[in-house]
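Participant: Protein chains in written order, with this note's numbering: chain A, 1 to 65; chain B, 1 to 533.
Please note: incorrect hints may appear among the correct ones.
Once the Cα atoms are required to be at most 27 Å apart in a straight line, the calculated BS3-like pairs of lysine-lysine come out as [unchecked claim]:
(1) A/Lys58 to B/Lys259
(2) B/Lys374 to A/Lys44
(3) B/Lys122 to A/Lys37
(4) B/Lys122 to B/Lys172
What the simulated footprint calls covered on chain A by chain B, stretch by stretch (three residues with Cβ under 8 Å from a Cβ of chain B suffice, anywhere in the stretch; the number is not a length) [stated by the list, open to error]:
(5) 29 to 40
(6) 44 to 57
Calculated directly from the structure, the hints in this document are not laboratory data.
Ideal Cβ placement from N, Cα and C applies to all residues, glycine included.
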Amino acid sequence: MTNDTNKNDLQKILEEIEKAGIETDNFLAEIDRRMAKTDLEYAKLLIKENIDTLKIAKKILSAEA
Amino acid sequence: MNNMEQSKINTEEIKQKTPESQESKKEISVESIDETLITEEGILDSLNKYSKDEFFKDIDLKNNLKFKEVGVVDEKFDEVVYGKAVLSEKILNFATLGLAKKDLGFIKSKERGLLNKDVFNKEMEGKEIEIGQNTEERSGMEKIIGNMHKELSEEDLGGRRITKSFEFVDGKIIKIVQASRTEQGMIDAAGKLLDEKIENLKKGVGADLVKEKEGLEKHYSSKEKIAEMTKYLDPEAKEEIIKKISQEEADSQERIKEKEENLKSELDVFRTPFQERLGKTNELIDNFSGMLKDTKEAESKYNSQLKNINSMIEQAQKSGLFEGSKREVVERLSSKKAEFEEKAKEFGVRKNIFEAKLGQLKNNKTELEKVVSKINSIGKTKKEITEEEKKKNEGKKDKREDDKKEADKPQASDFAEDRSFVGGKKDAKIEPRADLNDNAEEIEGVNKEIENIAKNFSEKEIESIVKTHLKVIGLSKIQDKKIQDQITINAIGNVKKMIAKNEEPMTEIYIRKETKRVFDALSASYFKSKKQL
């Protein structure tokens with residue numbers, strides 16, 4: 001009886017640990033998705049920066065020409 | 001069905017039950033990435049094409065420097081331009097044992113054998129060869145171009161694409177060298193142009209406006225003395241002077257208005273994109289900060305679970321179980337522990353990425369703020385700038401105070417319970433938290449404290465520390481005496497419980513920390529209801 005109880009307890013503990021591990025995996029996957037999304041925004045910002053710079057340069061040079 | 005099989009099935013169930021963020025999956029689906037990529041590529045394509053065909057149709061930002069060199073073909077680097085020696089020439093070279101190569105106009109190449117310098121390799125006609133970076137030929141060429149175009153900066157020159165090509169005219173080989181800006185070089189050059197333009201506006205239109213404003217300010221300050229100055233004049237003359245003053249004032253005000261409008265329209269060309277970029281940078285900083293915070297919190301929770309596994313292993317080892325069962329428990333838990341420890345590294349990897357990106361973005365932000373501030377200060381007098389700074393600082397001060405108030409408010413999340421694996425039971429009361437890992441600095445500070453003043457506190461000492469700290473963190477803000485007492489009792493009870501559980505000497509900072517946690521948790525609803533009122 002005691003042995004069975006211990007085994008059940010252990011089983012429960014292992015399940016809890018397993019669950020915590022899966023939750024962590026999910027968290028990491030989710031944070032990676034968020035990271036990818038923000039990285040994409042960052043890349044867009046950099047491209048936009050170049051476009052803006054060139055557009056302004058064009059304005060300056062056109063006005064001076 | 002054995003235990004392991006059962007565990008596997010449960011794992012599958014958990015996987016199915018664990019909610020995944022459908023929202024973010026939708027936002028970052030492969031389709032949306034593809035779509036964004038197409039858009040991005042479109043932007044880049046149009047950027048490249050547009051910059052070539054439209055932006056710089058009449059303007060040569062590419063600044064292709066082209067020059068021809070007649071008869072200065074470099075033997076060492078340009079041997080590809082010479083034609084191969086014919087058989088009779090080879091025999092002649094052989095007959096002179098190769099000693100008359102120079103006199104005969106021959107050179108020996110590694111790959112193409114004997115070459116005749118008087119013969120042009122027709123395959124090379126008009127073919128452009130890029131002179132790669134970091135070569136002897138490149139540095140030599142940069143020196144030549146640098147001497148010819150002293151206006152070029154080292155950076156500009158180094159970033160150019162330098163090519164050579166050859167033509168054969170009237171029996172002579174002509175070498176054509178070209179040095180043009182690359183796409184990136186064009187963007188860099190455009191960036192410099194903006195800086196120059198901003199500087200020019202500051203020194204030109206801006207300085208002119210400042211002068212006009214300062215003149216008007218001086219005039220106003222002297223105007224008060226006009227009565228004194230004109231007291232010996234007859235009323236008609238006085239009236240005429242006053243009329244003239246008014247007219248001059250109006251003219252000056254009109255000029256200022258006009259100059260301000262002109263300057264604004266010129267500055268807005270720069271200001272708007274810079275401000276947009278600043279806004280977007282702030283947004284990205286918020287996103288990465290949020291991810292860093294979430295990762296730290298998840299890591300802290302995870303570490304506390306790891307601690308729990310450790311403590312279970314210890315408990316099992318000390319238990320009176322039969323050796324066989326004990327070994328099984330310890331082995332299984334140890335294996336889980338190893339898995340946990342391995343996974344714990346993942347948090348560190350992500351934290352490093354977020355911190356690096358935040359560092360980069362914060363630097364960008366500082367640069368952008370400098371530029372925006374410079375643009376905003378153009379055409380403003382020292383007095384105006386000082387007043388704006390003052391207002392800005394007041395705004396910041398108010399924000400800091402608001403932030404402080406917000407930070408002092410108890411956070412419901414502070415009361416989030418930890419998972420306790422031991423027996424799967426959860427105490428309805430507040431369980432002492434094992435994790436105090438709010439941030440790295442704090443851990444370091446806490447560790448130092450532990451080293452220095454860890455001790456066994458008496459009950460009286462604990463009560464005294466808790467009560468004092470409750471006063472410090474604002475227990476008196478709670479006007480309900482019953483809640484005050486409840487918090488005090490709970491805080492003392494939890495600290496004692498925490499000390500008993502740890503079985504090791506404790507530090508005062510731990511006690512204070514636990515006190516604050518209990519205070520935050522139990523006062524949250526009180527403050528919330530107060531706020532709603």
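Participant: Work down the list of hints and note, for each, if the structure agrees.
Facilitator: We went through each hint and held it up to the structure:
1. At most 27 Å may separate the alpha-carbon atoms for a hinted pair to count; A/Lys58 and B/Lys259 meet this at roughly 24 Å.
2. Only pairs whose Cα atoms come within 27 Å are accepted, and B/Lys374 paired with A/Lys44 is accepted, the gap being roughly 25 Å.
3. In summary, the hint linking B/Lys122 to A/Lys37 is not supported, as the alpha carbons are separated by about 54 Å, beyond the 27 Å threshold.
4. About 13 Å separates the Cα atoms of B/Lys122 and B/Lys172, which keeps this hinted pair within 27 Å; it holds.
5. With 11 residues carrying a beta carbon less than 8 Å from a beta carbon of chain B, the region 29 to 40 of chain A meets the three-residue requirement, and the given coverage holds.
6. For a cut-off of 8 Å, the count of residues in the region 44 to 57 of chain A with a CB near a CB of chain B stands at 13, and the three-residue condition holds.
Checked against the numbered hints given earlier, this structure breaks only hint 3.
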